[in-house]
Structures are given as C-alpha cells and as structure tokens.
Amino acid sequence: MTISPDIDALLQDKKIIVMVGAGGVGKTTASALLAIRAAMAGRRVALLSIDPAKRLASALGLGLGHEMHAVDLKHDERSALPHGSLHASMLDQKAVFDRMVRLHAPSQKIADRIMRDPLYRAASTNLSGPLEYMALARLQELTQDKNFDLVILDTPPDTHALDFLKRPNILAGFMENRVMNWLIKPVLAMGKLGLGRLIGLGEKLAGGVASLTGFSALRSFGEFLLLMQEVIEGFHKTGEQVVAILRDHKTAFILVAVPTRAAERSAVFLSDQLAEMDYRVDGLVINRCLPTATEAELSKMVETLPAAAIDFVNARRAGEEKVIGNLHKNLSISRKKNRIIVRIEDQGADFHDMDGLTLLALSF
Amino acid sequence: MIQGTALARLLTSRKLLFVTGKGGIGKTLVSVALAQAAAAAGLKVLLVENSSRDQIPSLFGMDPVGHNETIAAPGISCINLNSAGNFREYVTKYLGQQKMFDTVLSHRVVQSFFNTIPGLAEAMMLGRLFYTCDIREVDQRPDLVICDSPASGHFLSLMTTPDAIVGSGLAGPMLRDTQKVLDFLRREDDVGVIYVCTPEPLVVSEAVDFLPVIHQKSPAKLCGVIVNRIPPAVTATTSAQRAPVGGEDSALTNFLIERSAKSKTALDMLRVSVQQFPGILFLGLRDLGFVDDPLALDFYRTLLTEETLHT
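Sequences listed follow chains A and B, in order. So the first sequence is numbered by our numbering: it starts at 1 and just counts up by one. So the second sequence is numbered by our numbering: it starts at 1001 and just counts up by one.
Wrong hints could be hidden among the right ones.
Stretch-level coverage of chain B by chain A, calculated; a stretch enters the list once three of its residues show a Cβ under 8 angstroms from a Cβ in chain A [what the hints assert, rightly or not]:
1. 1052–1058
2. 1190–1196
3. 1222–1236
None of these hints come from the bench; they were simulated from the model. All C-beta atoms in this analysis are idealised placements derived from N, C-alpha and C, irrespective of residue type, glycine included.
Take the sequences, apply the hints, and build the full model.
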C-alpha cells in the first residue's frame, strides 16, 4: 500500500541512502526492498549491509565475503522500465580496517607491526566503534566506485545507531584534544625515567591513569597510538570526507520504524538527533503493518475467528493508527512539504528467495 | 497470580537477572513486567538499562532518569547506567578516591582517553552491577536487579569482557576487581540470563544458534527462555468452516492463519533447542497486539499469563 509515491522519485534522484532505525525494526529488510525497487527501476545499486539475518542474506545470495556480490534481479512483467543492477555485500569490519591501515600507514613495515599488535587485533574485531566507523569508510569507498550510482547503507542495529555519524568527530576530537601530548609523551618518558620519577615530576595525570589501569597497559596503549598516529590521521581525513558526503543534497536519510510505542519513541528521538547534527531526514518506512481489511472483511472475521484473534486485531489496528499519526506529527522530517511515508505490510512469512523479496519490494 | 510458579521461584531466588535477545522483540517490556511481578511478591527491585536514551521510565509514565536511581513504582526503582557515571562511582565510592577523581580523572582529556580503552565501559558496567548486588550497604541493596541488557551480539561482548581483561596483561586494581566480578557472575544461584525471543522462524533460528553460545561463553548462565508475542491460534479449517458460502478469506485472515502456523513450527524448533538446558524456565507470553504506555501497575498480570512451553 502506498501512502506516498515519492519514494520512487527519491530512489531515482539520490546517490546515497542511509537507513536509520532502532534494532529489530527490519532495517536490513527495508534496505533490501528499496535496493531491489531502485535496481528494477534502472539504477545500479550497491547495498551495504551489516550483519543481516541469515535467511535474508541467503535470499540475496550473500556469502561470507565482504566483496560486492551481484544479485540476480527478477523480471517484473508489470514494469517496462529497463533493469539496472544490484550488488550487495556484508560489512567485514576487519577487512576494511586492515585495508585502511595499509592505505594510511607510512610504510609496509609499520602496517605489519600494527597488524600484529594485540591491541589492534582486539580493536579491529571486537569494538562497536570501529564497526560503525568502518561502515562509513566502506561507504566512502563505494561512492568512488564507477559501477554504482546509488549506495544504500544499512546502519548498525543498536540503540547507539547514531554514534556512527559522530564517529568521525570523535576521532577528530581525539586529535584536537592532544591526547598524544598529554598522555603519550609522558608515557614515552616513563620508559626512561620510571613511573615514580614521572609522578615526582608532577605528571599527575598519567600517574593517576596508570595507577588505575596498570602501567603496562597504559604504555602499550601509548605505543600503539604512536604506531597508529598516521593511520589515525588517515581515518580522520576519511571521516571528514564522509561527513561531506553525508551532508550532500544527493544523500537521503530514511528512518525505519514499526508500529509500536517503543519504535515510535526511537524514531522521534533519531529524527531529532539527525536534525541536530544537521542531517536531512527524507522519509519514513513503517514496517510490519497489519494487512489492511475492508469493513465487510472485518465484520466477517468477527463471526468466524476466535475472540482472542479479534482482540489482537482490534488492539493492533488501533495502536498502529495512533503510532503512525504521532510519527506524522512529531518527526522532524525534512523541510520539504512532501513527507515520504512508506507503509510495508507484515508478511507473516519469511523471505526465502528473491521472488518473495521482489514481490514485497513492488508492493508499496 | 504468578505465586508458586517457576517464574516466581526464579525471581525470588536470584540477585541479578540479565534479560537479552534480538533487538525489537520486547526485552524492555518483559523486563518491566518481571520487575512488577517481583515487586508484587514483596521484593525490592532495581531495573537497570544501558541505553543512549532511557527506555524504561516512559513505561512508567516518567521523564528520563539517566544515571540516577529513581523510584518508578512501589518496590521498583530504575536507572540508566552510563559509562562515565559508572567510572566515577567506581573511583569515588568503590576505590574511595574522590580526590583523585576530582583532580585527575574528571579531566575531559582523561575521560576521552578512557573512552578509547577497549572493554573498559563493559567492565565498569558489570562492576557496577556487582557493586549494587553484592557490595553496597545491605539496607541500600535491592533484592533483585533486572538488567534490560543489550541485544544478543552486544550482550555477548559485554559478558566476555571480564575474561578478556583478565587475560589482557592489565594490572592494578582493575584486574583484581574484574576477577571478583567474574566470580560473582559465575554464581549460578545468584545470577542468570533470560533470553527473550518471538515465535518467528528467523528469530528462533537465531536463538537456536545463540543459546549454546551464551552457555559456553558467558560467565552468567542461561536460566530462562521467554517467548514473547505468541499469536492467537487461527487455523484455516476453523476459519473456512465458519465462513459464509463463496466467501474468500481476506489478506488479514490469511495473515493470521499463516502467522499462527509459523509460530507453531517455530516453537517446535525452539523446544528442541531448549531441551539441551534442563531445568531452565521456558515461558510463553501472548501477543497483546499493542501495548500503550504508561503501563498499568499490574500490567504483569496481563502479560505474564504463564503458559509453560515444556513438553
């Protein structure tokens, strides 16, 4: 069911679409649906997913690799539009991280040393921060790729979803704070002078930190940062490029929500946050809406279905209406008059293959 | 209503319950309902979350409370623990180093340094839970802490952090304290993990993969699986038998029939997996269609109409 047809105009116009939403609202599915719809309307689409559900990944034919993988589009008899193409990939943060290090390290030797560092191995595989940052780094790479004219980015699935947008600034702040000067240099000095002497010299700052975490960890972290210095500067540069890309008018942010109070609160919060960071929110996808029914169908259901089912349907219909109404009212969606709101009906079923996904992608 | 049930026994016997599961399946709602049930049984409950934005207070009709323990209902307090607050309390209250905190550690630069240390925020979070349950003055200690935890993957990183720190070469008070936290989390009589899922094939297949991983990697062990949003039973035959002649089922009816069938299949699949963990709670909660907030004080009676799923 279509509330606004403008979604097709948006899919034609934009170069980047960033899908944002709380965990569990079907962001990955919504991203795949928009990617398929755009590709079937002639665009050459790259879909970058982060940890998609297994079955969705297999429906898209996504392997474990992070390289872009061509997805076979289904033919649609109803549409006379020329087919574009769809490539999809899953973010492999370690691979992107490694590539970034190789790209920015001053020498092969330093790159190798970084790769061997236990702190690097921990940071590149375990942290949620780098995951978000790497998603952006990969986005930046993909925008340079001549094979694609639309990149759809499915953002990390958690409540800190927007941290990834702040990540470049965190790295920037890290440099500006002169953490290097405050902490690393005393640490280097410590190697020569010893901890006691250092504290004696009045370096209370590093001393306080060291007494808490243990000196050895502080030192290895300091050494690691020194090793990473140029790489961090490289990351910082990429971060700035990404911010520029995200602010471009050819980039759209689409919020994904489901009709529950929790999702409504999240969506309003996310849209306020985005607005605060001066990012443009262009539309809203509401997933898992109850299939619509006519009054006649509903009254027939009252006669034929168990009371528990009728109670469920009534509660859900009333709730959905409230949530969608509130979202309409409260979202700080772009300054444009037309708000794109796409309502996707709950399928009750899973998507086993591209046929199912394609059908759904053309249903709104 | 839930007195004498397996759920009541679980709530009254533990000090700390982590509630986890895939995103968006109702962890927060289930956590709050459990807290209500425990409070109704006379326990003093603390509901903990760790979110960029408070989720729990709105279910009680309150404004965000942030990192401040706030009474939400009779017998229930809530707090949204954040890493800066946890860190401050660790240094000032636990290590008793108010002066060091004020002169050194409150420094913005030092704080930003700490934000970059892998695993520190997680360690502080678990340490804070340990402190709340086991260390602080008895009269200020809740009987039960329910931690509305991060979604599956992040929950696993949270729970595996102490092990990583113990093996990381860190030294000093943090290492000693992390070991204590680890010992606390391993106390099966006091600490447990409740996994929440929904009866959908995709969600259940994730659960089937994830349950053994929790058991293997988390120091706190699995003590319950709660299946949220079990749809009303609707079968094709009941619907067809009663349908007027020539009438076709609507898309909505078909949706209900299909969802009901899928739910049954998913539950069968999950049941097999849960059998690997003998003695754990296995509970089903029905799909209420929509839950508006604030919740009624006895909302738990509506949600926790116990339906044990063991065969």
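Status of the hints after comparison with the structure:
Evaluation of the coverage hint for the stretch 1052–1058 of chain B: fulfilled, as 4 residues show C-beta separations to chain A shorter than 8 angstroms, against a requirement of three. Given as covered by chain A, the stretch 1190–1196 of chain B fails the check, having 0 residues with a CB less than 8 angstroms from a CB of that chain where 3 are the minimum. Residues of the stretch 1222–1236 of chain B with a Cβ under 8 angstroms from some Cβ of chain A number 4, which satisfies the need for three, so the listed coverage holds.
Checked against the numbered hints above, the structure violates only hint 2.
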